[in-house]
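**Q** Residue 1 is where the sequence shown starts when you use our numbering, and the numbers rise one by one after that.
Certain hints may be false.
Per label pair, the in silico range of CB-to-CB distance [claimed, not checked]: (1) T146 with P176: 38 to 44 angstroms; (2) L398 with A170: 21 to 27 angstroms; (3) E280 with K509: 34 to 40 angstroms; (4) L104 with D241: 50 to 56 angstroms.
Read the hints as simulated data drawn from the structure, not as lab findings.
What you are looking at is a predicted structure, and each value in this text was computed from that prediction instead of being measured.
Beta carbons are placed, not taken as given, at the ideal position from N, Cα and C, and that holds for glycine.
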Amino acid sequence: MKQETTTTTLTGQNQQQDAPGAPPTMANTPGANTPSEAPQKPSAPVKYVKSLKAILIKPLPQPKWPLQELNSSMSAKQIIDAVSGLGRLNGPWWNSLLPEVDALPSPPSRPNPPCPVDKLLPPTPCICVDKRKDAMSADLAKFCLTQPVVVIRGMTNALRMDLAFFSTKALVDANPNQRVKIHTQSPNTNTVKTRLLDAPNPTEANLIDLSPWYLESPRSLSTIQRYANYQAASFKDAVKDEKQGDNIGSKLPPGGKPVTSPATQRNKIRFATIYDLSNEGKWLSQLWELNRLPSFFKVTSAGNMLAHLGYPLIGVNTIQLNMKIPNARITGHQEGNNMCAVNINVGPGDCEWFAVPEQYWGAIHRLTEHQGLDFLTSSWWPDVEELRQEDIPVYRFLQKPGDLVWFNAGTVFWGQALGWCNNIVWNIGTMTPRQYQLSVERFEYNRLRNVKSAVPMIHLSWQLAKNVRGCEEQLCALIKSTLLRTMVNSQLILDFLEQLQIPVKRHGKKPDDIAHYCQDCEIEVFNILFVTTQEKRSEVRCFSCARRNDPSLQSFSVLSEYYTSELATIYDNFQTNTHPMVAYTVGK
1 MKQETTTTTL
11 TGQNQQQDAP
21 GAPPTMANTP
31 GANTPSEAPQ
41 KPSAPVKYVK
51 SLKAILIKPL
61 PQPKWPLQEL
71 NSSMSAKQII
81 DAVSGLGRLN
91 GPWWNSLLPE
101 VDALPSPPSR
111 PNPPCPVDKL
121 LPPTPCICVD
131 KRKDAMSADL
141 AKFCLTQPVV
151 VIRGMTNALR
161 MDLAFFSTKA
171 LVDANPNQRV
181 KIHTQSPNTN
191 TVKTRLLDAP
201 NPTEANLIDL
211 SPWYLESPRS
221 LSTIQRYANY
231 QAASFKDAVK
241 DEKQGDNIGS
251 KLPPGGKPVT
261 SPATQRNKIR
271 FATIYDLSNE
281 GKWLSQLWEL
291 NRLPSFFKVT
301 SAGNMLAHLG
311 YPLIGVNTIQ
321 LNMKIPNARI
331 TGHQEGNNMC
341 AVNINVGPGD
351 CEWFAVPEQY
361 WGAIHRLTEH
371 QGLDFLTSSW
381 WPDVEELRQE
391 DIPVYRFLQK
401 PGDLVWFNAG
411 TVFWGQALGW
421 CNNIVWNIGT
431 MTPRQYQLSV
441 ERFEYNRLRN
451 VKSAVPMIHL
461 SWQLAKNVRG
471 CEEQLCALIK
481 STLLRTMVNS
491 QLILDFLEQL
501 QIPVKRHGKK
511 PDDIAHYCQD
521 CEIEVFNILF
531 VTTQEKRSEV
541 RCFSCARRND
551 PSLQSFSVLS
561 EYYTSELATI
571 YDNFQTNTHP
581 MVAYTVGK
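With the sequences and hints as input, model every part of the structure.
**A** Set out below in structure tokens:
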């Protein structure tokens, strides 16, 4: 029985194709030694090939991409009728969430004209909040959306937030055995690089280590209790060193070298990350304090795109907490899919931050490549002086205990602890056209670079269409474009599967079901799932990887999450509304 569905899967296969509109050549046409047939009239009905082998080896001429004739003003039925059957003839092809007229996503050129010399170290926007009314002001939220980075001082005091609930002692009392991820770093990377450079035969594996930007930061696992002991021991050692320094004064031993304790000779620095504080049974007091924040800054809010995913995505729409000692570094990066970030310093020590506007991420991307590093996946710490020489503006500022720092969409940033401190961190996806566009562009760029996207943008787009009733016109148009493209691609895949007589079984989609990623290429797989079972574990693949593994697709169970009629209803019901946005319960 035919199963109607709609999906977003991409076909990354490289297939030889003829020029658009050109007839197949003798060199690539099956049966090339036989006399050629007269060209088929456009009005003639499609002739279905019954032979499976003929379907699989038939060269696929490049058709006119059907989306060129479609637009979001059409109803879902008109869209499906326009593309129905095309998949039987040519099979699905590469499906992008971006318009075909656009170039492939790539790092942008640096803004022109270059940044003036006197603006290469601009003052960091800073807002002082004294009253609750000021903290809840819509003007504050609007201001944050116009700046790459904003420091908000006094907000936690104005809202009477008790940050003591996030101290190391409170964390140990609440859940001492919770797992944390440990990042191990070298306090003096230049010493390491000098040692490598002096080596007689540096291996190829060490070439990246020679980069001045490279910051080694391997990861391991521990518990809150163990890291708390390490953090406390580090502080005690520092106090002891300070007392020894006072006792020694200006006296130096023979040779003129100062005495150093084992603490100051420590060659490794560790900081811990708790990736999920969303469990109310364990962290109710902490979550209650964060609930005092304005809705614009809350992790769970109808105005936060990420809250509409429908399930907790660790490290994306959950609260994180970093536990640090002096010199612990957060390496350079943009947030997953260019989302915004909120960071509150619990203290007692300060943090130093560096931030670069989103428009300059392409320039930094090229500098990381020049260093032999990968902008998306490597661990790197930029040289501020080198950025200045490249006319890249850098915001540099201190974050005091209680300060809230807002990093806008796409901002490149990195930072380090100047003392012993904890930082509360989470992501925000603002309901703005710029945020959505930047997220989709990064989704496509990640696909080209074979990097898994932190945010499943296709799943998120359909969740927004289901939950949000009315949004700003430009944002609505961008989301509907994604819905249209994924709905079309799903219909094409269904047509292709029907031609091969492969059954599609109903799987369904619950409100809290997670998004799926391909087992091989890690691209998001939406709606139509190609599933195999390995060692009692189900593995999902996208359409392209499924065909690559088995061209006949006979070894896969094909499941669908939605009927085409379901997607059509969601698509038609998602409309622009000039009134303020309202939403159903977040995550449902």
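**Q** Hints first: check each against the structure and report whether it holds.
**A** Status of each hint after checking the structure:
Here the CB-CB span from T146 to P176 is close to 43 angstroms, well matched to the stated 38 to 44 angstroms. Checked against the given bound of 21 to 27 angstroms, the beta carbons of L398 and A170, roughly 24 angstroms apart, stay inside it. For E280 and K509, the Cβ-Cβ distance of about 26 angstroms falls outside the hinted range of 34 to 40 angstroms, so the restraint is violated. One distance hint, 50 to 56 angstroms for the beta-carbon pair L104 and D241, holds here, with the actual separation near 54 angstroms.
In this structure, only the earlier hint numbered 3 is contradicted, and the remaining ones agree with it.
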